[in-house]
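Given these sequences and hints, build the entire structure.
Those protein sequence lines, which keep their order, are chains A and B. For the first sequence, the UniProt record's numbering gives the first residue as 1, with consecutive numbering after it. For the second sequence, the UniProt record's numbering gives the first residue as 1, with consecutive numbering after it.
For the record, the hints were derived by calculation from the structure and aren't laboratory data. The hints are all genuine.
The list makes no distinction among identical chains, and a pair is therefore deemed to hold if it is satisfied within one copy or across any two copies.
Listed next, the in silico DMTMM-like pairs over lysine to aspartate or glutamate satisfying Cα-Cα at most 20 Å (straight line): (1) K504 - E689; (2) K341 - D369; (3) K652 - D173; (4) K652 - D171; (5) K670 - E567; (6) K670 - E646; (7) K582 - E628; (8) K235 - D369; (9) K504 - D286; (10) K228 - D438; (11) K584 - E596; (12) K582 - D619; (13) K538 - E621.
Source: prediction; values computed, not measured.
2 protein chains.
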Amino acid sequence: MENNVDIESEGTEKMERNGSAFDERDMIREPLLLKSRVNTTSQIAIVGANVCPIESLDYDYYQAFAALAGCNVALATCAAVLCAYIAPAAAGSGIPEVKAYLNGVDAHSILAPSTLFVKIFGSIFGVAAGFVVGKEGPMVHTGACIANLLGQGGSRKYHITWNWLRFFKNDRDRRDLITCGAAAGVAAAFRAPVGGVLFALEEAASWWRSALLWRTFFTTAVVAVVLKSLIEYCKNGQCGLFGDGGLIMFNINNSIPAYNTIDLLAIMLLGIIGGIFGSIYNYLVDKVLRTYSIINERGPGFRVLLVIIISILTSCCAYGVPWLARCIPCPSNLKEECPTKGRSGSYKSFQCPDGHYNDLASLLLTTNDDAIRSLFSSLNTNEFRITSLIFFFVAMYFLGIITYGIAIPSGLFIPVILAGASYGRLVGRLLSPIANLDVGLFALLGAASFLGGTMRMTVSLCVILLELTNNLLMLPLMMLVLLISKTVADCFNKGVYDQIVVMKGLPFLEAHAEPYMRQLVAGDVVSGPLITFSGVEKVGNIVHSLRMTSHNGFPVIDEPPISDAPELCGLVLRSHLLVLLKGKIFTAHRRLSGAETLKRYHAFDFAKAGSGKGLKLEDLEINPEEMEMYVDLHPITNTSPYTVVETMSLAKAAVAFRELGLRHLCVVPKTPGRPPIVGILTRHDFMPEHILGLYPHIDPHK
Amino acid sequence: MENNVDIESEGTEKMERNGSAFDERDMIREPLLLKSRVNTTSQIAIVGANVCPIESLDYDYYQAFAALAGCNVALATCAAVLCAYIAPAAAGSGIPEVKAYLNGVDAHSILAPSTLFVKIFGSIFGVAAGFVVGKEGPMVHTGACIANLLGQGGSRKYHITWNWLRFFKNDRDRRDLITCGAAAGVAAAFRAPVGGVLFALEEAASWWRSALLWRTFFTTAVVAVVLKSLIEYCKNGQCGLFGDGGLIMFNINNSIPAYNTIDLLAIMLLGIIGGIFGSIYNYLVDKVLRTYSIINERGPGFRVLLVIIISILTSCCAYGVPWLARCIPCPSNLKEECPTKGRSGSYKSFQCPDGHYNDLASLLLTTNDDAIRSLFSSLNTNEFRITSLIFFFVAMYFLGIITYGIAIPSGLFIPVILAGASYGRLVGRLLSPIANLDVGLFALLGAASFLGGTMRMTVSLCVILLELTNNLLMLPLMMLVLLISKTVADCFNKGVYDQIVVMKGLPFLEAHAEPYMRQLVAGDVVSGPLITFSGVEKVGNIVHSLRMTSHNGFPVIDEPPISDAPELCGLVLRSHLLVLLKGKIFTAHRRLSGAETLKRYHAFDFAKAGSGKGLKLEDLEINPEEMEMYVDLHPITNTSPYTVVETMSLAKAAVAFRELGLRHLCVVPKTPGRPPIVGILTRHDFMPEHILGLYPHIDPHK
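In structure tokens form, the structure reads like this:
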């Protein structure tokens, strides 16, 4: 009893010391790589080191669990409060939102500075709270947020502005910048610069041009150099866990694969398993997300509560599941410490006697990075028991599913890699008598297969995994497994990010036109009463139209006497109209006053403001007299809008809309003698829901 | 004297034996990797092994040179004859042509089966003849040719056809297939599957879509698996030189770089050198190509003559330059043979006594692959003398320039890598006392810098070099050097492939609109008399128009009584008109007969034929009576052509033309009461020469 008490106080003391170390050392210098489990692990190790059949021991275990769960819940609550009250947009991975943004969907405050703040700190707290979440998705979102902040010239609200950044104030450069940000996120998260470029190309960007390839490459090169310098600076271990493994996070280059037919068959099997598990995973994530969204809509309190419940569940798993494992004697010819003493290491003692380790604890009560490293390791084939791998897989698979969608920033890569690596290693263990490849390589291929099955990327995943593991000889196998798992999974449903985009109701424009669009023409889907302005329009009409509709683009029509017959002059944007109205260059009569406008304004006055930053209708103060005056819209009219004839096939109109990256597409009449414009097509008019709502008899699959 | 004679006959015998080995063993199983220098090297080695101050020795040396030059000239003549007489399109790298094809330029017989044949065998002969040329460009072209053969359903001329391939008979799928072929070429040439995908994306393709990423990835995965299997099969050396180095051609993974500031500065210097050398290289290649094209136009005989002259010059270099080097004693702690006996190896004896080697001979009288491997090798820092590296660089630089453009299939990668690696290694040698990186890594970075300076690719070069060398830790340095060299070189001129495209006069559409296009509108560049057809047109008119013009697309206009007023019905293609006319569904009077046409024809009847394969006007036999009859064009009219208004900014019209991948863009009038179409814009109307010819006062740079 005496002894126990001592240990207990020592434990607490140690935890406190660790706690302060946490605050002072890691938190400040390298917060992103921190996990709080680290603290509790050593606590448990100390408790576990005293396995003896005395009744008070149970009490110790409960206390250890309380410490673990308490820390986790506290950290989780911090993350959840930040996320639920400050920036709800920061929840989740962020990759679907970035993807939608780059497709042209500017969802509310998705790249705002508050989102950035919550994404960074929420991710630190979330990962530290021991959730089965990654930091990769949030880092992509973080990169995009920083890029957006630069793209809109800093933040006036937070008093950080740079004037030279105004050159980015247009849609295209901002889009490029955010693509680079996303690439930088992946490059930093995986230390994979080429992988980052390819991720941006394959998954994030909707439009690609060669200049962008060069820009993302430059961005990720800078990331690589900065990372390398930081790793050099931190190589003496003064930055906590940051810099482990150098530029290659999970180096498995030592093992040279020479595979036989059985290996190839096993790899195909892995691909199929990955595809099936992946599509089920996506299905369940979708269901869980829909359930959570009902809870989340009830208010921030419910969101925090949900996070706390999941946190407790995760702690129960992390602490409870290792009890299912039996103690394994430490292997003799080991370079590593066994059992591990300290914060990181592969062999956790947990409740085992000296010279033994608990393999499930080694996977669950460590950082995710260390768990992946252990699974990919080829050093000790029998490090993990088969039953342990099954338990771990089940835990990761389902914890991953139920964790995604709660109000914390949560990446999907790490849970998927963990689950994939565990079943891959399991297959490797089962086949070890007949297979040539070792269990570590099987774990890697398992991770690849599950990533392919959930995310459905190919080249970028392949390169990211190569850059993670530095084993180019695995390339053909990796390609094979990714191709198989993607093909299998594509038979069932869409990739997880695409599913989330659909679930969030973001109007994402697919790259290809749907087949049923060939049966329709552009004129068929034009909807709503068309509001047009005259080339010189009465101010009151403009203000009224702006107030009554939420349209962002209005056609301008020149009528006699300005032209011989009514003709389409072009398109004006709401934001430009507001700037023009604020300038109040009005005339009493209907006459052209464009020269004056051109003198007064500079192109930068019409530059695109940050989302939610531009002028609003309420900002205008126009008195009744001015309402009766006229304003010349010609200087702000885009006189070269893209047009299609009303009888144009809808599929071809959709291709033009998508390929040219349009927001408005004017539909003009085919026959003369009618008003010069039939309507305007926007993104929403191409959405399947809209079209199938208008024409319910159309078979969407034909 | 006796001795000499013996040796001589032994040499001849050996050469003969080698020669037969060449025929039987290598030629059949793995012809692409063969170099004939191999034979002559052992010949020289034998002669060189007998260095003694006797007067007859000179005679031996001359004889050896005659053997070397004779073999080279014979092989070169074979390549030149194939190229000059059978398929002139097979000369050169082929990458510019493939690039232009994927941009929409279908140059004459560039992907024909005869070109394929000459490309394969010409490349074998050319590389074997000891030219400073690579096999990489030709392999890309070969891949594209094979893809084209598949895409047009085989070749009817050579009696290899597959009916199921008819699904590829449309522009888009054929384009995709050829992109995959180009990717497969790079993947096979460098054993770099991911590099192949990226090459296709960055350099070859003009339009990219995500489905294509997946398809190229699949293709290169198959290439990787096939390569791996062949290497496995050949690992006992039964395929000659094929399979050296396994999947990684130049493995330098053993050296772990830990670089300091001096290294970084040196690398930046390398990048700048690479950029400058690269742009000068491109400039000189352009000048030489223009000179050669004058010679080449004189006839096939002159082409062959030029090849023979260059071949003799190359032999003189290969045999003469090593005399400039002094003999170096073999290093003692060497695993390799020194001097080398046999076909491949790093230490050639040449004229040196036993235990010595000639470093220039080791670079010049070996296969290009072995020379690159020696240059990249870190094993012996002092393997090559500084002066030797300078001589070698100069030789490679200028031989590379004068060899490209002669009538043999010639890749640019290998000469560029050789020259780049030599100055890189030179810089490494000079800095070896203060630099951390070894000479092999400097050679690699030098090769990267020169590649970046000439070809101006970034991501794909980076990945190709990584896959060649399997050293991921070099990634940040490689990115840095590529970025610097590309940036420096871009200040002076365009990439070498772009230059060649321009020089060949191929109407390549740039991805971006030129700035001066903003000053013009679409109507400004419409040229020529417009030929339109009525919806139901007289056969004679159609035949006449087809005969008189070479237009490929004709607008169809519906006139009363078919419509109320003249309106644009759509666009018909020449090829479809010919198919329709051949069917002879004519009517005596002007009436709609489309239903009958639709019954008679199937969509496949109008499928795009292979280049130069479709119906020709001369194939039609239409008698004078039929000429007076009418034909209904509605069934074959594309009723949804993309249109722009005549007042549309030319820059925006160019963007639409490029992004939508159009061949014809209809320009419609803005004001009513005029004919419903103003003109048709084709690729040629967007060419700078055309526009600046019409408007010479426009500043092309503003």
